[in-house]
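For chain A, the structure is supplied; the task is to place chain B on it using the hints.
Read top to bottom, the protein sequences are chains A and B.
For the first sequence, the tail end lands on 391 under this note's numbering, and the numbers increase by one without skipping.
For the second sequence, the tail end lands on 391 under this note's numbering, and the numbers increase by one without skipping.
Calculated directly from the structure, the hints in this document are not laboratory data.
Possibly wrong hints are sitting among the right ones.
Identical copies look the same in the list; a pair holds intra-copy or inter-copy alike.
[Claimed, not checked] Pairs of lysine-lysine residues, derived as DSSO-like cross-links and limited to a Cα-Cα distance of at most 27 Å, are as follows:
(1) Lys140 / Lys14
(2) Lys14 / Lys205
(3) Lys66 / Lys124
(4) Lys170 / Lys205
(5) Lys14 / Lys89
Now for the letters of each chain:
2 protein chains.
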Amino acid sequence: MLRPSKRSDVASFIAMDIMREANALAAEGRSIMRLEVGQPALAAPEAVRRAAAEALEKDRLGYTDALGQPALKERIAGHYKAAYGVAADPAQVIVTAGSSGGFVLAFLACFEPGAKVGLAEPGYPAYRNILKALGIEPVGIPIGPETGWQLNVEAVRAAEKKHGRLAGLLVASPANPTGTIQSPASLADLIADCEEKGRWFISDEIYHGITYETPAVSACGRGDHVVVINSFSKYYCMTGWRLGWLVLPPALVRTVERLAQNLFISPPSLSQFAALEAFGECEELDRRVAAYRKNRDILLEGLPQLGISEIAPAEGAFYLYADVSGLTDNSIDFCRDMLEEASVAATPGLDFDPVRGRRFVRFSYAGAAADMEEAIRRLKAWV
Amino acid sequence: MLRPSKRSDVASFIAMDIMREANALAAEGRSIMRLEVGQPALAAPEAVRRAAAEALEKDRLGYTDALGQPALKERIAGHYKAAYGVAADPAQVIVTAGSSGGFVLAFLACFEPGAKVGLAEPGYPAYRNILKALGIEPVGIPIGPETGWQLNVEAVRAAEKKHGRLAGLLVASPANPTGTIQSPASLADLIADCEEKGRWFISDEIYHGITYETPAVSACGRGDHVVVINSFSKYYCMTGWRLGWLVLPPALVRTVERLAQNLFISPPSLSQFAALEAFGECEELDRRVAAYRKNRDILLEGLPQLGISEIAPAEGAFYLYADVSGLTDNSIDFCRDMLEEASVAATPGLDFDPVRGRRFVRFSYAGAAADMEEAIRRLKAWV
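With the rest of the complex left out, here is chain A:
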């Protein structure tokens, strides 16, 4: 009997497993507070949905250019001028099937099998798992309170000393699951260090726009070794539309086009028409960010009352990464019981940190304020 390949034996994305279980419970009629998956509770803005409805009437919705509709590539390039004052060439913008598609394309284009790529631990689990499936070795670089829960040059160099040459560095800011942000100086240092050492610098900017104190700085335009990844999923509230983008150095564009033609054909058509309207909706979207901040504050007030008080500084994104070691020594069991018994879904830290994650839980607060309050109530009764 044939068996699955060894290389496909990657970890599950635990948040997605929990989402499936929570979906099944909700389908049975149970009220579940959804703090597990990183997605906004609200749909895409009205103008975006209207653009989709119009395209649905008027367009045949065939394949687009593999790298995306020229008009959308231009809108995305224009966004860099408007939001960061950085000129971006539409020819270097690649529309992708979510940031997920962007990661697959960027990792294949940049890294040979066996290459090592540094990334923060805790961090988004799919980085590690996609890299592994593609034969690339993720090198987890531990971060914590001592590094302000972000990567810095010292930590990267220490990892390289320990694990051998890194062919690339992957930096997320704001980061998942911690919500922390790279300062402009630290980001510049990391990029300069990568340039000096001949490493690709992959900048995951998917939570840009969702920041509470200072805006995040983009790595766009910082040289020929920088790949920027972003998406319409988070700030623009378009998770299920599966649309993201890359900004690539010129040397990678044709390579990524060839990969995209073969691996994806083209990104979803209707989503591309809809996304043309997304950049005009910042007023509405910023109101949503203000609501996330309120949600954050509800959790930051409520969780300590449950004995959960060590929480990474949540400067952006919509996650709290909380030390639950006062309540459990196994966050997987803890989250399972919490879902079963308290009807609150959250994600165990092991998803983000295979080493120390047993002590942590990630709470996603992109839902309704009432749900945050109800979750705290349920948890108080349960703990």
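Just chain B now, kept in the frame of chain A:
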């Protein structure tokens, strides 16, 4: 200066390059006859688009389960009963981001780096290029008039003798670019041979439903080493919606779920709502197939008048694979000139067969009948 990885140096999907060029010419106002890309000219059926419009109003369009909405998985499983009389378990059905997403998942799940996979040459170029990008070695098995333009057990065994053990065999029926179909007996022989030799059998059934003489037979339900790949793109006319599916043996389901969670998160939401209505639209869709047949006949009558008379028997799909060696010894230049000078887009055979493709051109006939006639008129004036 950093360079793209060697493994990302795959061939372009030439049809997509030509589509981009044809799109650009059309955007300048030129009338181009589009016989290059394999996609229906008509939009998805009315009921499908209506379902999308309703979901757009009512649903927030977030992530779905990584393997797809349970309701859609059930509809797809039901399709196997209705269309082939084969029972399929919804738990073995995986909804994917187009058949493209299905290939990436299936290839990763089945094959280690360095494994060899047999496939017909000529064949769909993305097979070869995805396999290469994932470190798997495609083994082209030449087919032609002598094998009825389809694979058979002898050809597979001969390839294995020459190239070493094959870990899998990929069979498309109806096939792209030839339009040929596996007879039930030949398909059964190939599957049995793979079972005997311990090879995965990957059955690309994306052109099922588009057949002109006898319907194609599905490999679904033929054992624990069979992976079926299909899509809503072709028969259901939903190319730009990027939605396909796999039917997997039980041993691969959890592996593919873990891969899908990490590499794709979930298939596009809106497309999944729309696709729920697709299986009810066969009457309308079969009328479209009847129109393809008329298109085929227009080309089969017209091309010989241009000196193109050796054409693979087009029993299904919507392609003619034609020997153009009477007119050119370089189908790439031929297709470029044809687009520039005659404003007719078609795809050079090198896309499908790196060895003998220089002598062939693929004409896609899923457009309007008037376009087929106009293309023949233009080509007559041009040749």
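For each hint, the structure was consulted:
1. Lys140 / Lys14: This pair counts as both: shortest intra-copy Cα distance 11 Å, inter-copy 18 Å.
2. Lys14 / Lys205: between (32 Å within a copy, 20 Å between copies)
3. Lys66 / Lys124: neither (47 Å within a copy, 45 Å between copies)
4. Lys170 / Lys205: Classified as within: same-chain Cα gap 16 Å, cross-chain 44 Å, threshold 27 Å.
5. Lys14 / Lys89: neither (45 Å within a copy, 33 Å between copies)
Figure legend: structure checked against the earlier numbered hints; hints not met, in rising order: 3, 5.
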